[in-house]
Amino acid sequence: MLDLYREMRILRRIDDEATALQRQGELGLWPPVRGQEAAQLASARALTPGDFVFTSYREHGLALHRGVRGADLVKVWRGVAGTGWNPHEIRLATQQVIIGAHTLHAVGWALGETIERGEQHPDAAVAYLGDGAMSEGDVAEAMVFAASFRLPVIFFCQNNQWAISEPVTLQAPGELADRGLGFGIPSVRVDGNDALAVYAVTREALERAHTGGGPTLIEAVTYRMGPHTTADDPTRYRTAEEVAAWAERDPIDRLAALLRSEGVLDDEAEREVAAAADAAAAELRAGCVALADPEPLAVFDHVYAEPNRTIERERAEYQRYLAGFADANGFVEVDR
Amino acid sequence: MTRLTFGGALRSALHRALAEDDRVVLLGEDIGVNGGVFRVTDGLQAEFGPRRVIDTPLAEAGILGTAVGLAMHGFRPVVEIQFDGFVYPAFDQIVSQLAKMHYRTGGAVTLPITMRIPVGGGIGAAEHHSESPEAYFAHTAGIRTVVASTPQDGAVMLRQAIACDDPVVFFEPKRRYHVKAEVDERVDLRTALPLDRARVVAEGTDVTVVTYGAMTGVCLDAAAAAGDEGVSIEVIDLRSLSPVDWESVEASVRRTGRLVVVHEAARHGGFGAEIAATLTERCFPFLEAAPVRVTGHDIPYPVAKLEKHHLPDLDRVLDGVDRVLGRVAASPVSAEPAPATESLAVRTPEPVR
Ligand SMILES: Cc1ncc(C[n+]2csc(CCOP(=O)(O)OP(=O)(O)O)c2C)c(N)n1
Ligand SMILES: [Mg+2]
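Protein sequences, first through last, are from chains R and L. Each residue of the first sequence is one higher than the one before, starting from 44 at the first, in our numbering. Each residue of the second sequence is one higher than the one before, starting from 3 at the first, in our numbering.
One or more of the hints may lead you astray.
Across the chosen pairs, the derived CB separations fall in these ranges [claimed, not checked]: (1) R:E291 - L:H75: 20 to 28 Å; (2) R:T282 - L:D230: 53 to 61 Å; (3) R:P350 - L:R188: 56 to 64 Å; (4) L:H270 - R:G125: 15 to 23 Å; (5) R:T126 - L:K102: 33 to 41 Å; (6) L:V111 - R:E184: 27 to 35 Å; (7) R:N351 - L:S98: 28 to 36 Å; (8) L:I125 - R:G151: 43 to 51 Å; (9) L:A48 - R:P216: 17 to 25 Å; (10) L:F93 - R:S191: 19 to 27 Å; (11) L:K102 - R:T278: 42 to 50 Å.
To be clear, the hints were calculated from the coordinates, so they are not data collected in a lab. By construction, the Cβ of each residue, glycine as well, lies at the ideal position given by its N, Cα and C atoms.
The whole structure should be built from the sequences, with the hints applied where relevant.
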């Protein structure tokens, strides 16, 4: 449990560091995760390494838990690469920007798992989505498929109360978890800022998935304490009182209080955790600022899996074009 | 006249449309209290209320399909799709329903829906925020597709789009949102340049450059640079991609005999192919050279740090001008690479012969 606490503190520290890097012009954009550490990391901890995870853009906690470190956490947000990791290597899909699209991918992965391994001991697919995402047609279709084929899928919805400026009440008048029931999916609502509760419900859903019991929808009720992204100004649409009320329920403070009362966390452990968090932030910063821009011709890489004549011709043309500048000016970069 | 940004001019047009016609309703994600992520609807919900300026659930097929039903009820919906890359979930409603309803019903049902879509790259954005999907829409019969590129055109064309009884895809080049100019907000739509007409934005005699959207600015800069070197370029802002004002473009190409088409979108099957093919059909005896396309590469939109290598810029437009003038290999698909230094003819300080 101290490990979970340490990881939550590290996540918050690197989240703040990434926001600072964006403010300093080192990142193009950053979607802060502050407030959702328990929902992401306690559920991540409940999974087994074989379970395949599909997330949105804000789930930095899942990446951290699956071992992504330093610059790899921010490559995409610096605009130097399409992904910071190989999805197959750590069973973690790239962060999805199209709201809800990846829930269908999770369903398809789970279908493959049952075709290959039968219903008895499949790994699970876990789709992390937001309260806003619950409204997308793709998500409804994902739930239909998951229920119809009884697939080993967990839909892990972080209801952080907001979809940019839209309150969750615009997406659903009642509880989001109720929606799963209509699809025939066992559904549970949990305090997403209570790390132990999140861990427990995720274990249960996973047990169901791993033993042929089909999908589960988990609604983890939490709060996005920061802006939607560094480009967003939340003061336009929500009150300081609301934010303050949720700060009282900070998931990290709550776990700390519990661990202290259990005697697991003391001042010395706290210092060790803080040092680990600072080290992770330093690693992130150093790695980020050292990231070079990709080579110009990299725009043509990996468009197709097979050789492609259109791409090769355009690559050659563009290379000749750039060489024209080198000949004339003595440098290759087109700089203006 | 008022000094307005492109975004401000669009807001002014929406304000006017809402004020003039209470059947106009706005739908979109984050357009209410937040005023849209580009602030184009800033303050409109406060003024016209949440029944006229509607924050929708996060579902693009829902937004478009709902707009169809609203229009059948007699409203004139103006929907905002937050970014170009998020219109695809709504594509089915646009192509299968919106575009075909009037035809299907023998003209009984009209769907005067305006779809505002921020478009294009050049702003260093994340994936799916820099798309140029215009060819998909221009290819679809039953909807009009237009692109405004200046504050004045934004103010007038958006009002024209809303007044139009056809569904209109209204693209707003993101790179232009903050461009400022003097705008006449009170232009009479009956005397304004019609929505489906192109505009000659720079006159010239040697080469016709046809473009639209954010590339209009790039091409004007290129025309100025070429002018310094003695090459006279006519730049046409197409404005409407469906229908196209062929007469205006054709008249220009007949005079210059040379055509360059410029757009951000990929070349293969891109809108430039339609321009080049139709003008070749219509102006063949007048052409001194094969038309040249200057476009994005045939790749998914690249990461932010590489977008300058994808998007046509001033030098690439001038390179296209060189090619159509026969100063380098005429066609980019030519097997014979041109000597690279020749491509600098227009850019080098020496006078062009
Ligand atoms: C299909 C699609 N539509 C719109 C957007 C723009 N957009 C990005 S994030 C977002 C809100 C998502 O809210 P939610 O699902 O609650 O996730 P959260 O941001 O709260 O983590 C919107 C509307 C998008 N990325 N994809
Ligand atoms: Mg949310």
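Which numbered conditions among the earlier hints are violated in the structure presented, ordered from lowest to highest? Numbers 1, 8, in rising order.
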